[in-house]
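Chains as they are written, first to last, in my numbering: chain P, 1 to 445; chain C, 1001 to 1480.
Some hints could be false.
[As the list claims (entries may be wrong)] Dumping the calculated DSBU-like pairs for lysine-lysine here, alpha-carbon to alpha-carbon at most 35 Å: (1) P:LYS420 <-> P:LYS360; (2) P:LYS360 <-> P:LYS345; (3) C:LYS1279 <-> C:LYS1065; (4) C:LYS1062 <-> P:LYS54; (5) C:LYS1320 <-> P:LYS360; (6) P:LYS377 <-> C:LYS1062; (7) C:LYS1320 <-> P:LYS406; (8) C:LYS1345 <-> C:LYS1279; (9) C:LYS1062 <-> P:LYS406; (10) C:LYS1142 <-> C:LYS1197; (11) P:LYS377 <-> C:LYS1345; (12) C:LYS1056 <-> C:LYS1276; (13) P:LYS360 <-> C:LYS1345; (14) C:LYS1197 <-> C:LYS1320; (15) C:LYS1276 <-> P:LYS345; (16) P:LYS54 <-> C:LYS1142; (17) C:LYS1345 <-> C:LYS1197; (18) C:LYS1276 <-> C:LYS1065; (19) C:LYS1065 <-> P:LYS345; (20) C:LYS1320 <-> P:LYS402; (21) P:LYS54 <-> C:LYS1197; (22) P:LYS54 <-> P:LYS345; (23) P:LYS345 <-> C:LYS1279; (24) C:LYS1030 <-> C:LYS1320; (25) C:LYS1345 <-> P:LYS54; (26) C:LYS1056 <-> P:LYS166.
[To be verified] With the C-beta cut set under 8 Å, the calculated list includes, among others, these residues of chain P facing chain C: (27) MET82; (28) PRO83; (29) GLN364; (30) ASP375; (31) LYS377; (32) HIS380; (33) GLN386.
Hints are computed from structural coordinates only; laboratory data are not their basis.
Computed from a predicted structure; not experimentally measured.
Quick reminder that beta carbons are idealized off the backbone N, C-alpha and C, glycines included.
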Amino acid sequence: MSQHSLVELAQSRVAVHAEAAVEAADGRLGYLRREGLREFVRMGIPTTRHEEWKYTNVFPFIGQDFTYRPTHWGSVSAQNTMPASAKEIASALGQHVSVRIVDGCVIVDDSTLPSGVEIIELTPELVENDAAIAGALGSGAPMNTHPFVALNTALLESGVVLRIGKDVRVEPPIHVSIETSDSTSPTLITPRLLVIAEQGAEVDIVQSHHVFGEATVLDATVVEFVVSAMAHIRYFKIADDADAARSISSVSADVHRDATFTSHALSIGGRFVRNDLALRLCEPSSQGFLFGVSLLADHEYTDNHTVVDHMVPHCHSEELYKGIYDGSSTGVFNGKIYVRPQAQKTTAYQSNHTLLLSSKAQVQAKPQLEIWADDVKCSHGATMGQVDEEAIFYFRSRGIDKDTAKALLTYAFITEVVEKISLDGLRELLTRRIARKLSTDTLLS
Amino acid sequence: MDQQTILDEIVGSDYKYGFTSNIEQELLPKGLNEDVIRFISDRKNEPEWMLEWRLKAFEQWKSMKEPMWPNVDYPPVDFQDIIYWAAPKKKPELNSLDEVDPEILATFEKLGIPLEEQKVLAGVAVDFVLDSVSVKTTFQDKLAELGIIFCPISEALENHPELVRKYIGSVVPTNDNFYAALNSAVFSDGSFVYIPKGVRCPIELSTYFRINARNTGQFERTLIIADEGSYVSYLEGCTAPQRDENQLHAAVVELVAHDRAEIKYSTVQNWFPGDKDGKGGIYNFVTKRGICAGVDSKISWTQVETGSAITWKYPSVVLKGDNSIGEFYSVAVTNNKQQADTGTKMIHIGRNTRSRIVSKGISAGVSQNSYRGLVKVLPVAQGARNFSQCDSLLIGDACGAHTFPYLEVANNSATVEHEATTSKIGEDMLFYCNQRGIDTEAAVALIVNGYAREVLNQLPMEFAVEAQKLLAISLEGSVG
Chain P
1 MSQHSLVELA QSRVAVHAEA AVEAADGRLG YLRREGLREF VRMGIPTTRH
51 EEWKYTNVFP FIGQDFTYRP THWGSVSAQN TMPASAKEIA SALGQHVSVR
101 IVDGCVIVDD STLPSGVEII ELTPELVEND AAIAGALGSG APMNTHPFVA
151 LNTALLESGV VLRIGKDVRV EPPIHVSIET SDSTSPTLIT PRLLVIAEQG
201 AEVDIVQSHH VFGEATVLDA TVVEFVVSAM AHIRYFKIAD DADAARSISS
251 VSADVHRDAT FTSHALSIGG RFVRNDLALR LCEPSSQGFL FGVSLLADHE
301 YTDNHTVVDH MVPHCHSEEL YKGIYDGSST GVFNGKIYVR PQAQKTTAYQ
351 SNHTLLLSSK AQVQAKPQLE IWADDVKCSH GATMGQVDEE AIFYFRSRGI
401 DKDTAKALLT YAFITEVVEK ISLDGLRELL TRRIARKLST DTLLS
Chain C
1001 MDQQTILDEI VGSDYKYGFT SNIEQELLPK GLNEDVIRFI SDRKNEPEWM
1051 LEWRLKAFEQ WKSMKEPMWP NVDYPPVDFQ DIIYWAAPKK KPELNSLDEV
1101 DPEILATFEK LGIPLEEQKV LAGVAVDFVL DSVSVKTTFQ DKLAELGIIF
1151 CPISEALENH PELVRKYIGS VVPTNDNFYA ALNSAVFSDG SFVYIPKGVR
1201 CPIELSTYFR INARNTGQFE RTLIIADEGS YVSYLEGCTA PQRDENQLHA
1251 AVVELVAHDR AEIKYSTVQN WFPGDKDGKG GIYNFVTKRG ICAGVDSKIS
1301 WTQVETGSAI TWKYPSVVLK GDNSIGEFYS VAVTNNKQQA DTGTKMIHIG
1351 RNTRSRIVSK GISAGVSQNS YRGLVKVLPV AQGARNFSQC DSLLIGDACG
1401 AHTFPYLEVA NNSATVEHEA TTSKIGEDML FYCNQRGIDT EAAVALIVNG
1451 YAREVLNQLP MEFAVEAQKL LAISLEGSVG
């Protein structure tokens, strides 16, 4: 497979389609691809002079020539063995629905698919024949402002559509495992997921990323959620990537009347993780809850960008992101609460807390409020500091040594967020992982 | 009084200090080129190095672009459509107030700052800048006894060139930003303060700026140096006459605090904000920065911003000396079509440096009020400490309040705390007041005053009174 720079890649793929496409079948998908390419070329690769990429420098790895692994559907027989890290999550989830994207190849195990849940291949025909999917695809993802969403869209050939039927409450969580096998050259993958929860539906979706090998893997995943009236989606994104992974993922969710969207961005590691989350509360009484954990060491890097857009009155959002940074790691939090002029009676709260464990670790935070309505209650708080000396003293006065006290307090600091995870198995797994990374596992057992 | 009526009154109030004094003026033609800079430098009898410094800044300015990142919206400024030099034709040689142009005296009266009364009662020395040339400096002799230099910067260039040369541009370099470069090239005058070692300045130093002639940008340059163990409190206050054309104001203020020195800089800014349709008004693009160069030094900025059509201002402190302290207290009120993008920068370099930010924004009418601040802790700033609080109060449903804090911490012994809230005046608070016989208008006044108190308390006594007046005028109809 030949290697190309990102722009060449996107251009050649779109050109291939333009030549081959039968106009009628190309339709909306073809239009999105061309728009995506145009926007990607227009914006280019973001530099650190770009306000939204001020702290996120992609240049050390972006200039490489990438081998592209396009998204396509395979059969169950093509299934190769699951990597250990993915297996660990799968077994923690217990009974679940498995969707694997292995080197771009989508493998769905529909033997466990509950009734009312559809996992469909995204094809030009599907987009043409299903108005709901056509309307939702590309409507939430910020193609005009996020260069990597534009790239993903330019390369949008196939993808996964998850549809939860009306009033269906899906008991087993759906596990989307994005795996990239060992490869010798830099690899690009652009998985695309569209999740539509119809009225009153309820579902848990766990998304994890797994990379093996030494060569860089640029993972530009885009996920779009449509949370219809009274539906509830809980979404967990786990980053525990190897050194080679460069994950730039963008998630958008449109939340309708009386619906809730809950997101957990769980970064237990990762050389380079950039999470963009755009939440739009587009009908009254919709709610959004965003949680994040970043536990970094060595040269790891995590950047959480969130935008909560209050478009209408009477909506509520809450945001809690916590980070612990050790080694030479860097953590970034950029959270924006945007309240539109008509969105009266909004309540929006955001907080971001950080512990710096090492003298070489860094944190950059930009919690923003943009408020255009007056009858609102909005706040944000951000702190950066160390474990409370007085709390350590309290432990020591009771005969617990300093290191243990510090470890326990650090662990307690981060588990406040982890405890919000409603899936028992996943919560326990992450608690164990965190304890292991903080080397507090021996203390706690 | 119902809420709508109150809102209408707020929006309806006009600028109280709109008047023009007719003093004969000497003007340069509009436009900016090297000759203009040479002319300014020549008229002020500046030494050769100063002219070179200005020309260098001008070269830098030509290659710079106007900053577009602030959250404000205004028609582009035509820098060739500005008069860069205006001075009263007859430079008065004054010994007593009697010799002052009666027009100027009348201006004092209208501003409510009778000079003679202030001399006696308030103990404030006033360096009155009318457009570009300092007209009157008082208390100089008294200060000279202590070795304090308080004079127009042009005079300092004649009498103390070594001091000016050492410090000018040391905190805000000529190429710092677009407006600082412009100011460096064309600055006309401003104040110079030097407090010698161990001296505590016995009075509050004060300068009143007024923009007076039509189409003149005013480019002040203020330089304050507090030598080891000294203390100074400096007050700056502004009111400008009503104008129909936008006027540009691009000042630079530099503060240097040496070992154990303290500088307290207070501003009450009430320039013409434009009428209720957003017509006219001052563009206030100011660069203010102080450096705590020595150990245990302290710089404190306090500002009450009620005027200007557009405000773009970030008084900052570079905390270089160990144990130094930086403070920023701000009340920013925007009404009608005013836009303000203001905040601070605290750069922690020294060990155990501390900074505190308290910013209170009040938006009314269809105005936009933004806080933009940076707290940066460098890897060497062991034990740095910051606390920031940014609150916004919204009056009416057509205004906006925005917060853009940047927190960058690269030292694990640092503690940084930031909190921000946005809300309107609570119905329950108003109800509580109403219930006790306080009408809604008085209740709003009470609440706003209480809300801003933490900052107003930081002002020197004389200024606190004026600041409260300004708050009342700015939000007239609901306050007072």
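Going through the hints against the structure:
1. Among the hinted pairs, LYS420 (chain P) with LYS360 (chain P) is consistent with the structure: their alpha-carbon atoms are about 30 Å apart, no more than 35 Å.
2. Only pairs whose Cα atoms come within 35 Å are accepted, and LYS360 (chain P) paired with LYS345 (chain P) is rejected, the gap being roughly 43 Å.
3. Between LYS1279 (chain C) and LYS1065 (chain C) the alpha-carbon distance is near 25 Å, which keeps this suggested pair within the 35 Å criterion.
4. For the suggested pair LYS1062 (chain C) and LYS54 (chain P), the alpha carbons sit about 26 Å apart, so the restraint of at most 35 Å is met.
5. Proposed proximity of LYS1320 (chain C) and LYS360 (chain P) is supported: the alpha carbons are some 20 Å apart, at most 35 Å.
6. Using a Cα cut-off of 35 Å, the hinted pair LYS377 (chain P) and LYS1062 (chain C) is violated, with the two alpha carbons roughly 45 Å apart.
7. With a C-alpha separation of about 31 Å, the suggested pairing of LYS1320 (chain C) with LYS406 (chain P) holds against the 35 Å cut-off.
8. Between the alpha carbons of LYS1345 (chain C) and LYS1279 (chain C) the distance comes to roughly 31 Å, so the proposed pair stays at or under 35 Å and holds.
9. A threshold of 35 Å between alpha carbons decides the hint, and for LYS1062 (chain C) with LYS406 (chain P) the separation of about 55 Å lies outside it, so the pair is violated.
10. Our distance criterion of 35 Å between C-alpha atoms is met by LYS1142 (chain C) and LYS1197 (chain C), whose separation comes to about 17 Å.
11. With a C-alpha separation of about 27 Å, the suggested pair LYS377 (chain P) and LYS1345 (chain C) falls inside the 35 Å cut-off, and the hint holds.
12. Only pairs whose Cα atoms come within 35 Å are accepted, and LYS1056 (chain C) paired with LYS1276 (chain C) is rejected, the gap being roughly 41 Å.
13. About 23 Å separates the Cα atoms of LYS360 (chain P) and LYS1345 (chain C), which keeps this hinted pair within 35 Å; it holds.
14. For the hint linking LYS1197 (chain C) to LYS1320 (chain C), the alpha-carbon distance of about 19 Å falls within 35 Å, and the restraint holds.
15. At most 35 Å may separate the alpha-carbon atoms for a hinted pair to count; LYS1276 (chain C) and LYS345 (chain P) meet this at roughly 28 Å.
16. Of the supplied pair hints, the one linking LYS54 (chain P) and LYS1142 (chain C) is violated, its CA atoms being roughly 52 Å apart against a limit of 35 Å.
17. A hinted pair counts as satisfied when its Cα atoms are at most 35 Å apart, and LYS1345 (chain C) with LYS1197 (chain C) qualifies at roughly 28 Å.
18. The suggested pairing of LYS1276 (chain C) with LYS1065 (chain C) holds, with an alpha-carbon distance near 31 Å, which does not exceed 35 Å.
19. Straight-line distance between C-alpha atoms of LYS1065 (chain C) and LYS345 (chain P) comes to about 41 Å, which puts the hinted pair past the 35 Å bound.
20. Under the criterion of a C-alpha separation no larger than 35 Å, the hint pairing LYS1320 (chain C) with LYS402 (chain P) is consistent with the structure, at around 33 Å.
21. Restraint check: the Cα-Cα separation between LYS54 (chain P) and LYS1197 (chain C) comes to about 43 Å, which exceeds 35 Å; the hinted pair is violated.
22. In summary, the hint linking LYS54 (chain P) to LYS345 (chain P) is supported, as the alpha carbons are separated by about 33 Å, within the 35 Å threshold.
23. Of the supplied pair hints, the one linking LYS345 (chain P) and LYS1279 (chain C) holds, its CA atoms being roughly 33 Å apart against a limit of 35 Å.
24. Note on LYS1030 (chain C) and LYS1320 (chain C): the hinted pairing is violated, with a Cα-Cα distance of about 41 Å set against a maximum of 35 Å.
25. For the proposed pair LYS1345 (chain C) and LYS54 (chain P), the alpha carbon gap of about 17 Å is at most 35 Å, so the pair holds.
26. Proposed proximity of LYS1056 (chain C) and LYS166 (chain P) is contradicted: the alpha carbons are some 70 Å apart, above 35 Å.
27. Taking 8 Å as the C-beta contact cut-off toward chain C, the hint placing MET82 (chain P) at the interface is violated, the least distance being around 38 Å.
28. This hint is violated: PRO83 (chain P) has a C-beta 34 Å from the nearest C-beta of chain C, more than the 8 Å allowed.
29. Taking 8 Å as the C-beta contact cut-off toward chain C, the hint placing GLN364 (chain P) at the interface holds, the least distance being around 5 Å.
30. Residue-level restraint check for ASP375 (chain P) holds (minimum Cβ-Cβ distance to chain C is 6 Å; threshold 8 Å).
31. At its closest, the beta carbon of LYS377 (chain P) sits 5 Å from a beta carbon of chain C; the interface hint therefore holds under the 8 Å criterion.
32. Checking HIS380 (chain P) against chain C: minimum C-beta separation of about 5 Å stays under 8 Å; hint holds.
33. The interface hint given for GLN386 (chain P) holds, since its Cβ lies 7 Å from the closest Cβ of chain C, which is under the 8 Å cut-off.
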